[in-house]
Structures are given as structure tokens and as C-alpha cells.
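Q: Here the protein sequences line up with chains A and R, keeping their order. In this text, residue positions in the first sequence follow our numbering: the first is 1, and each later residue adds one. In this text, residue positions in the second sequence follow our numbering: the first is 1, and each later residue adds one.
Read the hints as simulated data drawn from the structure, not as lab findings. Warning: the hint list may mix true and false statements.
Unchecked claim - Label-pair restraints from in silico Cβ distances:
no. : chain 1 : residue 1 : chain 2 : residue 2 : range
1   : R       : Arg16     : A       : Thr78     : 45 to 53 Å
2   : A       : Thr78     : R       : Pro81     : 29 to 37 Å
3   : R       : Arg9      : A       : Asn3      : 43 to 51 Å
4   : A       : Val54     : R       : Thr76     : 35 to 43 Å
5   : A       : Thr108    : R       : Thr76     : 46 to 54 Å
6   : R       : Leu39     : A       : Pro8      : 15 to 23 Å
7   : R       : Val55     : A       : Glu79     : 38 to 46 Å
8   : A       : Gln60     : R       : Gln80     : 40 to 48 Å
9   : R       : Gln17     : A       : Val54     : 41 to 49 Å
10  : R       : Glu85     : A       : Glu79     : 37 to 45 Å
Everything numeric in this text was worked out from a predicted model, so none of it was measured. Quick reminder that beta carbons are idealized off the backbone N, C-alpha and C, glycines included.
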Amino acid sequence: GENVEQHPSTLSVQEGDSAVIKCTYSDSASNYFPWYKQELGKRPQLIIDIRSNVGEKKDQRIAVTLNKTAKHFSLHITETQPEDSAVYFCAATASSNTGKLIFGQGTTLQVKP
Amino acid sequence: EAGVAQSPRYKIIEKRQSVAFWCNPISGHATLYWYQQILGQGPKLLIQFQNNGVVDDSQLPKDRFSAERLKGVDSTLKIQPAKLEDSAVYLCASSSPTGGPTEAFFGQGTRLTVV
Numbered sequence: 001g002e003n004v005e006q007h008p009s010t011l012s013v014q015e016g017d018s019a020v021i022k023c024t025y026s027d028s029a030s031n032y033f034p035w036y037k038q039e040l041g042k043r044p045q046l047i048i049d050i051r052s053n054v055g056e057k058k059d060q061r062i063a064v065t066l067n068k069t070a071k072h073f074s075l076h077i078t079e080t081q082p083e084d085s086a087v088y089f090c091a092a093t094a095s096s097n098t099g100k101l102i103f104g105q106g107t108t109l110q111v112k113p
Numbered sequence: 001e002a003g004v005a006q007s008p009r010y011k012i013i014e015k016r017q018s019v020a021f022w023c024n025p026i027s028g029h030a031t032l033y034w035y036q037q038i039l040g041q042g043p044k045l046l047i048q049f050q051n052n053g054v055v056d057d058s059q060l061p062k063d064r065f066s067a068e069r070l071k072g073v074d075s076t077l078k079i080q081p082a083k084l085e086d087s088a089v090y091l092c093a094s095s096s097p098t099g100g101p102t103e104a105f106f107g108q109g110t111r112l113t114v115v
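Between the sequences and the hints, there should be enough to build the whole structure, so can you do that?
A: Okay, structure coming up:
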């Protein structure tokens, strides 16, 4: 069935270090991969997304890479800041439904000042 | 632009009672989703509407959950009767996909506690 695995479940870094979160997906027909940031008690908000026809995308300190062959995609945050502390979710579209998102289990990122 | 509106923000009910949640999507968004987010997990899709038609309700527990979007705008999600395991945040989202999947905008969610 449709599945997205996300690792690690928790990640603690020092301010200024980089953070990497990895996801794998099961359906080779998935074609859209968003990353959402969710602060405690707040709504998930899109921070970056990538489509299957692109291998890498960057937006300031955030980048996402996609390896379609291996069915892996990763979020890279450089020069982390305390305000980056949150839960991050990866997601992939279900091939049976272009709108339905299958979410990973989430990564709690803590950036220590 | 105004975001996705949901109400209520919080709800506490006893098991076997019924509850309803309301969602108003972003204006012009044809696609509306209801997700269930259990504490410590990622959101799970319960039902997806395209205008007022159901696109996907494969993970909706239909013996107790129901949802409607009668005029293709607002939507309500109902649980009757509620179980303890229904305690979760219920997130509504909307999108306006043109030419493929695009960003889903989420509401603040309704936190349901069943006691």
C-alpha cells in the first residue's frame, strides 16, 4: 500500500549546524513531495516542495533533494536557528489520487542556542 | 487572502456522544480535505472532496464518521458515536490544483478529546 517512512523521529542540533531529514516512499508513481513545518499547537505550513521532474530545489537556507530511482527525498536546513525548532513532515502524493497526501511520521527538530 | 477557517478549536465529549466540525476553505478552492492527526503522528486523510463530490473516502470509518460538502464550499465532519481512539486533531485543508497537485493549505484544526 501507500507508505512514507521518515527518519529520524527526533533531531537535536546546535544553532548554526545543518539538519537533514530523510524520507522514502513506496509508490513509484508519486509525483509531488511537499515538506510541512508544524509548530506546537499550530497548523502545518508548507516550507518547500518538489515535483518528480526536478532533482533538487533550494529556497534560502532550505533545500530538498529527490532521488526517484531510490524513492528517497530529503530536507536540508543549513545555518539552523532556534526558530527552526518544530515538527517537520514529509509527504508524497498517492498515485491513485493526485491530491491525496501520504504523510511521514514527523521529525521533531530542536535547535539549541 | 483569508485562510482555511475551522470551528470549534477545541471540543471535549464523552464516548458514545456525537460531535460535528465545520470548515470553510479558501475562496475558490475546489478541493477540500479532512485529515485526522493523532498525537505524535502525521496527518491521515479521511475524505477528499472535489467541489461537492467525494473523490476519496477509503480511510473514513463510515460506520461512525460522515462528511458532506453540499454546496461545494463549506464542509462538516461528524462523528457518531465517538470512541476514545477518535481523540485527535481534525485538520481541514483546501487546494486549487490546476495541471497537477499543488500546496494544500491547512486550517488550525479542531482538537477533539473523547473521555
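Q: Next step is simple, just say for each hint if it's right about the structure.
A: Going down the list of hints, with the structure as the test:
1. Checked against the hint of 45 to 53 Å, the pair Arg16/R and Thr78/A passes, with Cβ atoms roughly 51 Å apart.
2. Between Thr78/A and Pro81/R, the C-beta spacing of about 50 Å breaks the proposed range 29 to 37 Å.
3. Evaluation of the 43 to 51 Å hint for Arg9/R and Asn3/A yields a failure: the beta carbon distance comes to about 31 Å.
4. The beta-carbon spacing between Val54/A and Thr76/R, approximately 38 Å, falls within the hinted interval of 35 to 43 Å.
5. Judged by the Cβ atoms, the range 46 to 54 Å given for Thr108/A and Thr76/R is violated: they are separated by roughly 32 Å.
6. For the pair Leu39/R and Pro8/A, the supplied restraint of 15 to 23 Å holds, since their beta-carbon distance comes to about 19 Å.
7. Against the hinted window of 38 to 46 Å, the Cβ-Cβ separation of Val55/R and Glu79/A comes to about 41 Å, which satisfies the hint.
8. About 47 Å separates the C-beta atoms of Gln60/A and Gln80/R, a value consistent with the hinted range of 40 to 48 Å.
9. Checked against the hint of 41 to 49 Å, the C-beta distance between Gln17/R and Val54/A comes to roughly 48 Å, which is consistent with it.
10. For the pair Glu85/R and Glu79/A, the beta carbons lie near 41 Å from each other, so the given range of 37 to 45 Å is met.
In the structure shown, a violation is registered for the earlier hints numbered 2, 3 and 5, in ascending order.
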